[in-house]
Amino acid sequence: MKKSTNVTAQRNNRWALLGIKAMVGVVVLILIALLGDILITGLPHVSWHFLTSPSKDFGAGGGIANQLFNSIYILVLTLLISCPIALGAGIYLSEFARPNFLTSVIRTIIEVLSSLPSIVIGLFGYLILVIKFQFDFSIFSGAIAVMLVNLPLLTRNTEEALHAVPQTQREAGWALGLSKWRTISRIILPAAIPGLVTGVILSAGRIFGEAAALIYTAGQSAPLISYTNWNPFSPTSFLNPMRPAETLAVHIWKLNTDGITPDATQISSGASAVLIIVILIIILGSRWLGSYLYRKMGGTKS
Amino acid sequence: MKSRPWLAAVAIITGLSLLSGCGTKDKANSVTAVGSTALQPLVQKAGTDYQHVHPETNITVQGGGSGTGLGQVESGAVNIGNSDIFAQEKPGVTASKLKDHQVAVVGVVPVVNEKNGVKNLSEEQLQRIFTGKVKNWKEVGGHNVPIIVINRSQGSGTRKTFESKILHGQEAVKSQEQDSNGTVKKIVANTPGTISYLSLPYLSTDVQPVKINHVVANYHNITTNKWQLWSYEHMYTSKKPTEKTQKFIDYILSPATQQNLVRKAGYVSVHDMKVYATADGQIHQKQPKKGVK
Amino acid sequence: MNDVQRKLMQPSAATKQDRRGKIISLICIVFILILTVSLIGFIAVRGLATFFTNHVSLREFFFSSAWNPGQLGKNGQPQVGAAAMITASFAVTLLSAILATPFAVAVALYMTELAPKRGARLLQPVIELLVGIPSVVYGFIGLIVVVPAIRTLFGGTGFGVLAGSLVLFVMILPTITSLTIDSLKQVPDYYRSASLALGATRWQTIYKVILRAALPGILTAVVFGMARAFGEALAVQMVIGNAALMPTSLVTPTATLTSQLTSQMGDTIMGTLPNNALWSLALVLLLMSVIFNVLIKWIGKRGEMQK
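Top line first, the protein sequences correspond to chains A, B and C.
Throughout the first sequence, residue numbering follows UniProt numbering, covering 1 to 302 in sequence.
Throughout the second sequence, residue numbering follows UniProt numbering, covering 1 to 293 in sequence.
Throughout the third sequence, residue numbering follows UniProt numbering, covering 1 to 307 in sequence.
Isolated chain A (complex conformation) (with noise of 0.2 Å):
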């Protein structure tokens, strides 16, 4: 009897098993071909012209060169904005808040925060910033824009990489005798750090592809710059977040909905893929500093 039980709990295991890998197996030819779509669709019109020209209104043969620079720009900007914010938030609910009332409904609001469509918050983003603020469509409201969508998710990442540091570490600090604070900043946060930097990427990945929050705020045109004029208050600085600039993620949509060069779809699926190989590096370039801090950090202090 005991043995039946026992064999067929090892066939429900070995099926189980084997239809999870299926189901991964699924997933990831899914992902291949989406990937492979794009870049094979895409690749053959990357060039250094391509990423080098700006692109033209009409006629064919123009490049990303200004939306690639603008997309870096905002996001860099996002998160100079974000991550202090979200890192703040996220001690706050990790470590200070209560389990009370008052916290789920913060959690709650949060999280409403988050699931607000991003097209909401960039017609929001429209009337505040750019009308009622005059801060016109600019890298700046752009900027603000996509904090909003950001700063919910980076903040729920953060309050999570800091849950997970085991209990032990904060009472091994407090046993110590160091404050609440000295715990949370010299044994807690270098100790969440991979964590913590794993939501970084997630979050510059999906600001590097947002569209519809920054089509109504950072606008849809990328007027004449000038690398050279490194003064930040000419408005055809490259520098100056008070100007107008397209991303790439929103010269794609442009491009799909209202492209009218006789090369738009080459320029656009030329264009998702540099966005891609953008974010891999993205991706990879940060896991490669997260581990190198936790190194570092790990091997200094404890």
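Hint data in this document are derived by calculation from the structure and do not stem from the laboratory.
Cβ atoms here follow ideal geometry from the backbone N, Cα and C, with glycine treated the same way.
The reader is advised that the hints may include incorrect statements.
Stated by the list, open to error - One side of the interface only, derived from the structure: several residues of chain A facing chain B at Cβ under 8 Å: (1) S47; (2) H49; (3) F58; (4) G61; (5) G62; (6) E95; (7) I131; (8) F137; (9) S221; (10) P244; (11) N256; (12) I260; (13) D263.
Following the hints, position chains B and C against chain A.
Same frame as chain A, but now just chains B and C:
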């Protein structure tokens, strides 16, 4: 101190937001145009060209739709509101507060998937298709394929043009709606049985344009109103536009821009039109020497 | 009082630091809360205008499927019935979540329990990559690949709920997967050891211990996925068909709340009924995400108690 870089980051952000808040923007030298996505590439190209000659003027062009353009220019948030339709046609806009600049004429052409086997339709057939009375292409001389109507979204200028000239007030069949030329083109190119309509500049070889009553949609036929599906592209300003705004519009209306850029972009120059239309849809002869129609 | 006493009475440097830390982090969270609340308030004011300023009845909005806010209907009232869009949004969201969840959990299990090293190294970057692909690209591929496939397999035009769900399936897969992975990782290792030591097979350990323990986290992952599906606009818009009609089957063209919102927002004038009606759709989206969140919280709590 572990919290130092953290505080530094906060400081940077505060500084940055202050900086951008005070970022002095030269309102007098900048011209902002918002609105119609169909007109956007043209104005944008003109803006870029203009800036080559007048580097002191900073021209910003954005899409957002005709409704956005009209609404924004009326509220004074932007200098120019690009629109595919007359301000009078848009409920909620006080047209008398705005000044109309008709900068180009755009043709609208019905397009079908190549597999439908139709290259010409009469106006009546077109009307019956879009009101849902004809359901299969074989009824209008095509293959045995069910008809799929793709309309443009409500309020779109292109749809307004199409419906006023073809449907004459009849209600279109409830159908799929798309809000942009590019998407419409993709769907029609990839889906057998589909019919829709595009702005002429967006027409390309992957969809089949349809002749109406054997008239081809081309430059000449539009100028003479032999091809009746056309409308103006408007750039609305306030009654008293700023000096730079006026100069920019003058530049777009100049014969050089009209003959080169506007024509190259697939639009029809307003100077070449032999007829003109008023906001109520009436067509009038410009010079009463050549009788068409 | 001497100096020593005073020193002892005063809060120490560490206490001050503690307080400062707490205040800074509190400011951050309050900042997020203010942003969210103002966003919600803004949408609510705009969205409610349809009912208070334009006097559209709630019953018509939720139960009529005649959507044509720019024109007057036969009864002389503007047609602002959102039932079709609401139904379609729900259908697309639920279907894609039902499709994606088993796959996402399988991938997450594979990466954390079955092949943590190999699986994680290969799959993790790919999954993160998928999050970053712009929705337009998904929509475009959906239009070129999914829609024709459905047309040949099931007939109809190919546009509709099914096409939307399939595109969303791929889009929310990485979201659900990566959050599930997080919650699986949080299951303490001694749960696994204890279960295996009791002679349970791996599947029994996974099914009876790990998944149970991670259930609230997995449910949260599903909500996040559903939220993304519910709010996704640009990709769905390209494959759903955008016809404000009640979906009669999985392959008839329809429209979701978001697709309607994106495709019409630019053509309406701020403050007019058609514009307000669109904000009402946004308000519905917002309310739905609140309801989703509360619901899942509740389920999660019950799951926790049974543990």
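Hints, one by one, checked against the model:
1. S47: Since the shortest Cβ distance to chain B is 23 Å, the answer is violated.
2. H49: violated, 19 Å
3. F58: holds, 5 Å
4. G61: Where the cut-off is 8 Å and the nearest Cβ of chain B is about 14 Å from G61(A), the hint is violated.
5. G62: Violated - the Cβ of G62(A) stays beyond 8 Å from chain B, reaching only about 11 Å at its closest.
6. E95: With a closest approach of 14 Å, the E95(A) hint is violated.
7. I131: holds, 5 Å
8. F137: holds, 5 Å
9. S221: At 5 Å from the nearest chain B Cβ, S221(A) passes the 8 Å test, so the hint holds.
10. P244: With a closest approach of 5 Å, the P244(A) hint holds.
11. N256: holds, 6 Å
12. I260: holds, 5 Å
13. D263: violated, 11 Å
Going through the hint list in order, the structure does not satisfy hints 1, 2, 4, 5, 6, 13.
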